[in-house]
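Asks: The chain contents come next:
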Amino acid sequence: MNRHEFWPESRRGILLAGWSSVCVLLLAAVPLHLWAQQEERAVRAAYVYKLTEFVSWPRHGNELLICVVGSDSMEAALKSVVEGKESSGRKIRVLQHPSEAELAHCDLVYLSDTALARGYALLDRLQGSAVLTVGESDRFVRAGGMVGLIRSGDQIQLEVNLDAVRTAGLRISSRLLQLAVIVHSGKRG
Amino acid sequence: MIVRANPGSTGVANLHLLGAEKGDQVRFSVRKCSGVCLWIALVLPAIRAQDNKVQDLTGLSVEDLSRIRLFTASRHLDDPRKAPSAVTVIDGDEIRRYGWRTLAELLNSVTGFYTAYDRSYHYLGMRGFLNSGDYNARYLLLIDGHRLNENVYDSALIGTEFPLDISMIDHVEILRGSGSSLYGTNAELAVVNVITIRPPSRTLIEVSSAAQSFAGRTGEMKSSFHLRGIDGVVAASLYRSNGAAREYYPEFDTPETNNGIAENIDGDRYDHIFAVLHKGQLRLEGLFGSRMKIVPNASYGTVFNDPSNRSRDRRGYLELSYNRSFNAKTDFDFRLYYDAYRFWASYPYPSGSQKGNTDEINVATADWIGAETVLGRKLGRHRIVAGADWEHNLRINQTSYDVGQTPLFDDTRNPRQAAIFGEAELNPASWFSMNLGGRIDWHSDINTTYSPRLAFMLLPNATTSIKYIYNQAFRAPDPYDQYDVDTAFFGNPTLTPEFVHSQMLIVSHKLRNWGQVTADAYNNNLIKTIEEYVDPASGNTLFANEEGDKERGLELELTAQNAAGWSGRASYAYAYARPKQAGETAINSPKNLAKLDGTVPLFSPASLGVELLYTSAQQNYTGVHVSPTFLVNATLSTRPIHNNWEFSLSCNNLFDRRWATPTGPEITAPATVQDGRTVRFRISYHWNPKTQWSGK
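Chains as they are written, first to last, in the working numbering: chain P, 1 to 189; chain C, 1 to 696.
What the hints contain is simulated information worked out from the structure, not anything from laboratory work.
Among the clues, some could well be false.
One-sided and incomplete, this derived list gives chain C residues near chain P with beta-carbon spacing under 10 Å [to be verified]:
{"#": "1", "residue": "Leu57"}
{"#": "2", "residue": "Gly59"}
{"#": "3", "residue": "Glu63"}
{"#": "4", "residue": "Arg198"}
{"#": "5", "residue": "Gly229"}
{"#": "6", "residue": "Thr257"}
{"#": "7", "residue": "Lys279"}
{"#": "8", "residue": "Lys329"}
{"#": "9", "residue": "Arg680"}
Keeping only pairs whose Cα atoms sit at most 30 Å apart, straight-line, the calculated DSS-like set for lysine-lysine is [what the hints assert, rightly or not]:
{"#": "10", "chain 1": "C", "residue 1": "Lys329", "chain 2": "C", "residue 2": "Lys279"}
{"#": "11", "chain 1": "P", "residue 1": "Lys91", "chain 2": "P", "residue 2": "Lys79"}
{"#": "12", "chain 1": "P", "residue 1": "Lys79", "chain 2": "C", "residue 2": "Lys329"}
{"#": "13", "chain 1": "C", "residue 1": "Lys580", "chain 2": "C", "residue 2": "Lys510"}
{"#": "14", "chain 1": "C", "residue 1": "Lys329", "chain 2": "C", "residue 2": "Lys82"}
{"#": "15", "chain 1": "P", "residue 1": "Lys85", "chain 2": "C", "residue 2": "Lys329"}
Backbone N, C-alpha and C define an ideal beta-carbon position, used for all residues, glycine too.
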């Protein structure tokens, strides 16, 4: 059946307008609250938490310090999801924009892609220390970062630079490696 | 996809663009509506949603985390609880456990579906509706969201003619109910979206081979890799089957026609290539499948027991897509594609005076390009999706000729189409959700169509959902319905789109952590269905909009699984279909379908999958009774042993029951006898270079 036949021309416009105003009114009338869905930040934050469980540090205290470089929104996500949680008996604290002095105490440094240039400098500085470096791009991992949480299509893919992890004296569980792509350091590009 | 020679008929397709004058009026209101859609798309993102809370997913296992799909603008399922249709999801593991060889076998296990096979093509039935002449044009089949129904016959190929190897499937989302409000034409009865395996996170090469009854053999190779930031999967597979050496067709049992014995002419073969490459947000996917079938039952009145009666379908596409999140809430998806379809068939007819037969060849060629863009945005707890489609047919050509002769018909078209669509998922309260959507399709040769959708969902708690859905969906006439292609098949350029108005009530309840029960009731009203019929006076096949059917029914589905590996899916469907034309009864329409698919874990890597499938009696188009069928299929399969070897042994129709599915007028017999007991043994080897060295 063709729509023309049972929707007279004059009424069609009114119906369409009515339909869209109902739609718009409903959208406007309802308080805009948080929406709980599998959004990227939530998945990244959960991965960071899982990393703290699957990586063992050579020596550690009672606190596990996660430092975020670059992204305010990731810091917010990590603060809301992982701060205060316990991981292998250590209480997690999240710190944003660590100072030079604070950097030495970080167990995990999360570098967002927006801070990639700074990230390379940071990687050089952290070379050899037992700090797990986590980034968001393939380039980061190839530049000597340890773990990449890389957006690939509609999924977050895990990349691990095993050489970098081992050089830092960290150990990473094979269960996690099963899910990861193993990459090697290359030229920075 | 047919044809019977009927010399003497001329007839040039009388084409004209429909509704040229009407079009202006329509466009006027359409402009208003597109204005609204634009407004929604542009203005609403500007409204600032104040949300800083992030969902806590740390309770998930890392394996589950790796499987999570991010919010995207695509029209795929986001939250099945809020999907405005009845949804069944079949995952790749079930394909292994139940040993399905084709998509048709997979779909035959799904609540409310049944299939028929006429030894040329597989037809899908659902809710009491199966029409062998439509080549599944009332279903929308997608691969990774890409439309697979081609542009000549609108066919959705599901048997060995499906152009993707079934082992490449990650999962299949089956949405029972209409989907035209998002997808446009063909999404009348159901939408089947086949999602291919993701490029796995590790390099893997998998080689498989299978041997099955009737000298059937397959070879498959798939490889995934990760190179310089590019994830990819490349796969190729082939299948060859000789078919039964001797098949008896009583309707041809005369000395002149080999006493009804078709010798060595049930062969089937396919070749598939599939590749997908990901780089960041960019994705390139390509597919090509070619399938050739020899037709043993002398369809379309051809000469019996002649191996030149055969058809070949080739389908391919190349799609470049780009998906980008502008921030955590806005997502953008853009696709650009080129699609191709080639049909070739040969029909042997007696050539009159000379010796031997004359082969009539039918060829259909279609190439089309298109683009699609979808914008998705979360607004607080709501979600909106808006998008537009555009498609241009470079050519749609239908030709028929007798071998060595000039073409009887040669018809070329290049229609264009465009559409806009939108959907708003409104969640005013945690227990109430509403889905408002619609789509407007413009087509150069067909009237503009509107496909609204309205759904209300009650979510009283985390385990229960109650949904009411109203849909209007359509199927546009395709070039095969519209234009003459042969001396005995006359298209009808005045056909209008057919519609279905459907209402559905769905209640779904999650049973702790072990299962889910879903019940739905529906009422479908099919209007102006496009049907082919044979004119008794001339014997020619013609197309017309007929009154259509009304369908009512109930569907029940129970799924269950436990950690030890037991799992099952049981379903029952009752369908009552009634043609509106007085005095007619529904054809190919079993009232009752019952199915049970169960997996029993055996010793460590092995499991046994058993399928029990019951289809009640049905009537074919001439009123011939086709007996009920009860089939048992069983598969013994393993997971990869030591990460390397995987085995599977399947037996279909375990008790060797004789069964048949109804056929259409193109086949002489009222029903086609199906295979008896068949066996398949499959072996795969997985080579994973990483496991060899990361264990250090």
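Asks: Each of the hints needs a verdict: does it hold here or not?
Replies: Each hint tested on the structure:
At a threshold of 10 Å, the smallest CB-CB gap from Leu57/C to chain P is about 4 Å, leaving the interface hint in force. A least Cβ separation of about 8 Å between Gly59/C and chain P falls short of the 10 Å threshold, and the interface hint therefore holds. Proximity of Glu63/C to chain P holds as hinted, the smallest CB-CB distance being about 7 Å (cut-off 10 Å). Checking Arg198/C against chain P by beta carbon gives a least distance of about 6 Å; that is within 10 Å, so the hint holds.
Restraint check, Gly229/C versus chain P: the minimum CB separation of about 4 Å is within 10 Å; hint holds. Checking Thr257/C against chain P by beta carbon gives a least distance of about 46 Å; that is not within 10 Å, so the hint is violated. Nearest Cβ of chain P to the Cβ of Lys279/C: about 8 Å, under the 10 Å cut. The hint holds. Satisfaction of the interface hint for Lys329/C is found here, the shortest Cβ-Cβ separation to chain P being roughly 8 Å, below the 10 Å cut-off.
Annotation: Arg680/C was flagged as interfacial toward chain P, and the flag is violated, the nearest CB pair being 30 Å apart, outside 10 Å. Between Lys329/C and Lys279/C, the direct Cα distance comes to roughly 22 Å. Compliance with the 30 Å bound is thereby established for this hinted pair. Between Lys91/P and Lys79/P, the direct Cα distance comes to roughly 13 Å. Compliance with the 30 Å bound is thereby established for this hinted pair. For the suggested pair Lys79/P and Lys329/C, the alpha carbons sit about 19 Å apart, so the restraint of at most 30 Å is met.
Of the pairs offered as hints, the one joining Lys580/C and Lys510/C is violated, with about 38 Å between alpha carbons and a cut-off of 30 Å exceeded. Between Lys329/C and Lys82/C, the direct Cα distance comes to roughly 18 Å. Compliance with the 30 Å bound is thereby established for this hinted pair. For a cut-off of 30 Å, the pair hint linking Lys85/P to Lys329/C stands: about 26 Å separates their Cα positions.
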